[in-house]
Amino acid sequence: MVPSVLLAQVNFSALREREDILVNLDESSRPMIVEKHVIPLQKGINPVNFSWQGVNLDRDSIRLNISEPSESFELISTTYSSDQNKLTWNISSDKSGQMVGYIIYHLKNIRREVTYNGLVNEDEDQLKIREEQVLFNNSGQDFNNAMLKLGYGNKLRRDWQNGESKRFSVYRVREVPFKKVAVYDGRKFSINTRRKETELPVYYELANSPKYRLGTRPLSGGKIRLYQGENKRETFIGEDQIQYAPVGDTVSIYVGDNRNVKLKRSLKNKRRLNVRRNDDGEIELYDLERAVLFNVENFGGETVTLRIIEPMPEEWEMDSASHDFRKINNREIEFEFKISPGSEEILLFEYREKNRRGGR
Amino acid sequence: MMKMINKVCLFVILFFALTLPLDARVDLSLPARLDSVELTVYEAADLTYVRESRSLTLAKGINRLYFDWNAAEVDPTSVQLRVVGSEDGIIKKEISYPAGTNSVAIWELEAKKSTAIKVESAYFMTGLDWRAIYRGRLNAAENELDLRGEIEIANNSKLQFKNTKINLLMGQVNLLDELSAVIRNWEEKRRRGTPARRNQVGSDRSKMMYSARAMMAPEEEPAAKVETSQRAEYQLLSVSGSHNLRPGTRKKINFVRDKFESKNIYRVGQNGPADKVVRYFSFKNEPADGKEAVALPAGKIYLSRQTKDGEYLRLGENRMKFTSLGEKAEIPLGVAEDVRVKKSIMNRERLNYSFDAENRVDGWLERVDLETEVNNFRRLPAEVEVYQRLSAPAWEILRSSHPYEKVDHNRIKTKLNLNPRQNTTAYQLIEYRHGTRRD
Numbered sequence: 025m026v027p028s029v030l031l032a033q034v035n036f037s038a039l040r041e042r043e044d045i046l047v048n049l050d051e052s053s054r055p056m057i058v059e060k061h062v063i064p065l066q067k068g069i070n071p072v073n074f075s076w077q078g079v080n081l082d083r084d085s086i087r088l089n090i091s092e093p094s095e096s097f098e099l100i101s102t103t104y105s106s107d108q109n110k111l112t113w114n115i116s117s118d119k120s121g122q123m124v125g126y127i128i129y130h131l132k133n134i135r136r137e138v139t140y141n142g143l144v145n146e147d148e149d150q151l152k153i154r155e156e157q158v159l160f161n162n163s164g165q166d167f168n169n170a171m172l173k174l175g176y177g178n179k180l181r182r183d184w185q186n187g188e189s190k191r192f193s194v195y196r197v198r199e200v201p202f203k204k205v206a207v208y209d210g211r212k213f214s215i216n217t218r219r220k221e222t223e224l225p226v227y228y229e230l231a232n233s234p235k236y237r238l239g240t241r242p243l244s245g246g247k248i249r250l251y252q253g254e255n256k257r258e259t260f261i262g263e264d265q266i267q268y269a270p271v272g273d274t275v276s277i278y279v280g281d282n283r284n285v286k287l288k289r290s291l292k293n294k295r296r297l298n299v300r301r302n303d304d305g306e307i308e309l310y311d312l313e314r315a316v317l318f319n320v321e322n323f324g325g326e327t328v329t330l331r332i333i334e335p336m337p338e339e340w341e342m343d344s345a346s347h348d349f350r351k352i353n354n355r356e357i358e359f360e361f362k363i364s365p366g367s368e369e370i371l372l373f374e375y376r377e378k379n380r381r382g383g384r
Numbered sequence: 499m500m501k502m503i504n505k506v507c508l509f510v511i512l513f514f515a516l517t518l519p520l521d522a523r524v525d526l527s528l529p530a531r532l533d534s535v536e537l538t539v540y541e542a543a544d545l546t547y548v549r550e551s552r553s554l555t556l557a558k559g560i561n562r563l564y565f566d567w568n569a570a571e572v573d574p575t576s577v578q579l580r581v582v583g584s585e586d587g588i589i590k591k592e593i594s595y596p597a598g599t600n601s602v603a604i605w606e607l608e609a610k611k612s613t614a615i616k617v618e619s620a621y622f623m624t625g626l627d628w629r630a631i632y633r634g635r636l637n638a639a640e641n642e643l644d645l646r647g648e649i650e651i652a653n654n655s656k657l658q659f660k661n662t663k664i665n666l667l668m669g670q671v672n673l674l675d676e677l678s679a680v681i682r683n684w685e686e687k688r689r690r691g692t693p694a695r696r697n698q699v700g701s702d703r704s705k706m707m708y709s710a711r712a713m714m715a716p717e718e719e720p721a722a723k724v725e726t727s728q729r730a731e732y733q734l735l736s737v738s739g740s741h742n743l744r745p746g747t748r749k750k751i752n753f754v755r756d757k758f759e760s761k762n763i764y765r766v767g768q769n770g771p772a773d774k775v776v777r778y779f780s781f782k783n784e785p786a787d788g789k790e791a792v793a794l795p796a797g798k799i800y801l802s803r804q805t806k807d808g809e810y811l812r813l814g815e816n817r818m819k820f821t822s823l824g825e826k827a828e829i830p831l832g833v834a835e836d837v838r839v840k841k842s843i844m845n846r847e848r849l850n851y852s853f854d855a856e857n858r859v860d861g862w863l864e865r866v867d868l869e870t871e872v873n874n875f876r877r878l879p880a881e882v883e884v885y886q887r888l889s890a891p892a893w894e895i896l897r898s899s900h901p902y903e904k905v906d907h908n909r910i911k912t913k914l915n916l917n918p919r920q921n922t923t924a925y926q927l928i929e930y931r932h933g934t935r936r937d
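Protein sequence lines correspond, in order, to chains Y and U. Per our numbering, the first sequence starts with residue 25, numbered consecutively. Per our numbering, the second sequence starts with residue 499, numbered consecutively.
Worth flagging that the hints you see were computed from the coordinates, not collected in a lab. Check before you lean on any hint, since a few could be wrong.
[What the hints assert, rightly or not] Taking lysine to aspartate or glutamate pairs in the EDC-like style, the calculated list, with each CA pair at most 16 Å apart, reads:
hint, chain 1, residue 1, chain 2, residue 2
1, U, LYS826, Y, ASP273
2, Y, LYS286, U, GLU828
3, U, LYS782, Y, ASP183
4, Y, LYS292, U, GLU828
5, U, LYS911, U, GLU871
6, Y, LYS292, U, GLU903
7, U, LYS819, Y, ASP273
8, Y, LYS235, Y, ASP273
9, U, LYS591, Y, ASP183
10, Y, LYS294, U, ASP906
11, Y, LYS294, U, ASP773
12, U, LYS826, Y, GLU368
13, Y, LYS378, U, ASP937
14, Y, LYS247, U, ASP675
15, U, LYS841, U, ASP937
16, Y, LYS288, U, GLU894
17, U, LYS826, U, GLU871
18, Y, LYS247, U, ASP937
19, U, LYS663, Y, ASP281
[Claimed, not checked] Simulated coverage check for chain Y against chain U, where a stretch passes if three residues somewhere in it have a Cβ under 8 Å from a Cβ of chain U:
hint, stretch
20, 64-71
21, 130-143
22, 260-273
23, 299-306
24, 320-328
Even glycine gets a Cβ: it sits at the ideal position worked out from N, Cα and C.
Construct the complete structure from the given sequences, taking the supplied hints into account.
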């Protein structure tokens, strides 16, 4: 039986003459390529071959979108040949003419990474943040005059050859305020190591919000390298990994340990109170009073904000505390205070752990 | 103009055959003049931050600055370029890393007109490190320390640095990966598009640096003025003058020569066995002659003492921790043989028993007479600190022959100052409350 429609063919060489190409790196793990083609078609069913060689293309992701004029052309079927690197679209056309089509597919071995550079001012209360994107192309494909879409509205038109990497600066914000805080986190120490002298990790804390001159877009996860200007000389002062921060989220950057503040924790007192015994003389219930002392000395030349997080028992009552504290939850409390240069600060608090069971 | 033997070069590509692949290009390049080099060598990592200042003239239009670090181990992700001064009429476009090589970066700058500019390029490299070594001499009375500190800088890279300003960074900066791992990872990503396994900081590479270095005799240099910039997390030592660092060599720079008041402290029972006396050598980082102090980086200290006949006797060596300005340094010198402490329980008495309803003992008091005999066999005075752990949670010191200090809930410290060759004995009467007597 002879088909009633004419068969036409547009060979691949015509398809390579793409009008435009977009490399969409919004989703860095699955870059999407959009090729714009103007395809001449004849009236009837037109088989359009698409094949590839030497590129890492995700075959299942390939699709054809007919853009204009869509009422004249219709994608009837897609035929996958036994050749793994080829497929054929059968397009029905009610007249001879040109069709604008977009071939969309995912390409493997293209990567986009986000890194940040942070320049800290002399007073150490503001950051200049620069986001850079690094692109790796090992896909096997060259992109000439391609539109590179880098997320959050950043677009650049560039040549990008296979094997070539590129680095772009895409987002800069000046004078981002931050809070610098040294943290003693008692949760990270065992009972035995808590009393040892320890160096204190220091964090820059900020939020991805307008208050911090940010908050216009999410911050992608990536490495941040910090530099500090000193008499117009920049010094690299460390790096950390920023986690993805949506608008409104907080960002905490670890910048090293404070070596000028020496902190010693000691348990100054521990005694039982309100002991209740049973008829056999065994203890049924009692309270345990503890006095915890932190001795903090600042040998440095700058005021340090120190946060102390202390793990607590399940049921407790504070009897006295030399400094204000905040209850994080029933098992953790937090003190925060400033220590002037060359000074010593004593934090002492007494609490009762209530209703302990058993004992002798 | 400074010069390096191996290539870390910046060129302005004036004519660049863009359409040809990199290995077949025809180009004409002019080297940019190197005006100055400044190194910041990090203490706790195989990391050096290099900053170079260069002069060049941009042509109108697109200029490609070609940066090549053949033979050096440079982190490509760290390479930065900054135009010094006004950037008017200059648009920084991007950095490209061409295919087929892992040691080239190309900056693209667009200039609205031909203009002479200064640029500062900066990058991280491996191969340089430094350490501090101290030699301390005590006077015969052991109350004054003459401390000399040297900094030894080793250049294990293949680069030669001439007339270079050197900064040393004290402190452990946070690094997510060792620099050599970052470089390998970059090459792997460019080759395959997938990251290599991460190699965390602290692997053996940095530790191997000293054993693997070329053991040429270090070049001694006269004392350099060292300026310290004090930050809480790091201190920057800026060595005065310009220095030459040849590949495979070490250089020593004297940076501290000061006198400090010092003393010996003999401790027993603080850490380790209760009957061993450990000698600590201590001094406060405040020079006795009123000179301006510098923070002392961590390093090995060799201690000796002047004898009666003017010779020096080796006392010992140990590692000294980083010491801030005004902070007290304490260096353990091992078990002391010439100061002895003997603790004895001279009497133990249990009393005030209480009984429960079935006449079983449920509480009592215990009184312990503790005698601590201290012998100073030295010809010098000795400050002795005796730590005593209390064996039960409820206790009270009823009597003490010497003042004592509560260290924490179950330890006290008694301080004794002994004259030369003096023996003394401290007594303490301790009462423990057991059972219901604790209530």
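Verification of the supplied hints:
Using a Cα cut-off of 16 Å, the hinted pair LYS826 (chain U) and ASP273 (chain Y) is violated, with the two alpha carbons roughly 42 Å apart. Under the criterion of a C-alpha separation no larger than 16 Å, the hint pairing LYS286 (chain Y) with GLU828 (chain U) is consistent with the structure, at around 14 Å. Restraint check for LYS782 (chain U) and ASP183 (chain Y): the C-alpha separation of about 62 Å exceeds 16 Å, so the hint is violated. Restraint check: the Cα-Cα separation between LYS292 (chain Y) and GLU828 (chain U) comes to about 24 Å, which exceeds 16 Å; the hinted pair is violated.
The straight-line distance between the Cα atoms of LYS911 (chain U) and GLU871 (chain U) is roughly 15 Å, inside the 16 Å bound, and the hint therefore holds. Distance check on the hinted pair: LYS292 (chain Y) and GLU903 (chain U) sit about 11 Å apart at the alpha-carbon level, within 16 Å; holds. For the hint pairing LYS819 (chain U) with ASP273 (chain Y), the CA-to-CA distance comes to about 38 Å; that exceeds 16 Å, so the pair is violated. The straight-line distance between the Cα atoms of LYS235 (chain Y) and ASP273 (chain Y) is roughly 12 Å, inside the 16 Å bound, and the hint therefore holds.
Among the hinted pairs, LYS591 (chain U) with ASP183 (chain Y) is consistent with the structure: their alpha-carbon atoms are about 13 Å apart, no more than 16 Å. Under the criterion of a C-alpha separation no larger than 16 Å, the hint pairing LYS294 (chain Y) with ASP906 (chain U) is consistent with the structure, at around 9 Å. A threshold of 16 Å between alpha carbons decides the hint, and for LYS294 (chain Y) with ASP773 (chain U) the separation of about 27 Å lies outside it, so the pair is violated. Note on LYS826 (chain U) and GLU368 (chain Y): the hinted pairing holds, with a Cα-Cα distance of about 14 Å set against a maximum of 16 Å.
With a C-alpha separation of about 15 Å, the suggested pair LYS378 (chain Y) and ASP937 (chain U) falls inside the 16 Å cut-off, and the hint holds. A threshold of 16 Å between alpha carbons decides the hint, and for LYS247 (chain Y) with ASP675 (chain U) the separation of about 11 Å falls inside it, so the pair holds. At most 16 Å may separate the alpha-carbon atoms for a hinted pair to count; LYS841 (chain U) and ASP937 (chain U) exceed this at roughly 30 Å. Pair hint LYS288 (chain Y) plus GLU894 (chain U) does not hold up; C-alpha atoms about 24 Å apart against a cutoff of 16 Å.
Taking the CA atoms of LYS826 (chain U) and GLU871 (chain U), the gap is about 28 Å. The hint is violated against a cut of 16 Å. Restraint check for LYS247 (chain Y) and ASP937 (chain U): not satisfied, since their Cα atoms lie roughly 57 Å apart, outside the 16 Å limit. Distance restraint check for LYS663 (chain U) and ASP281 (chain Y): the Cα-Cα separation of roughly 27 Å exceeds the 16 Å cut-off, and the hinted pair is therefore not satisfied. With 0 residues carrying a beta carbon less than 8 Å from a beta carbon of chain U, the stretch 64-71 of chain Y misses the three-residue requirement, and the given coverage is violated.
Under a criterion of three residues with beta carbons nearer than 8 Å to beta carbons of chain U, the stated coverage of the stretch 130-143 of chain Y is upheld, 6 such residues being counted. For the stretch 260-273 of chain Y, the assignment as covered by chain U holds, since 6 residues bring a beta-carbon within under 8 Å of that chain's beta-carbons and 3 suffice. Coverage of a stretch by a chain is defined here by at least three residues with a beta carbon nearer than 8 Å to that chain's beta carbons; for the stretch 299-306 of chain Y and chain U the count is 5, and the condition holds. Check result for the stretch 320-328 of chain Y against chain U: holds, 5 residues qualifying (beta carbon to beta carbon below 8 Å, three or more required).
Violated hints, in rising order: 1, 3, 4, 7, 11, 15, 16, 17, 18, 19 and 20; the structure is consistent with all others.
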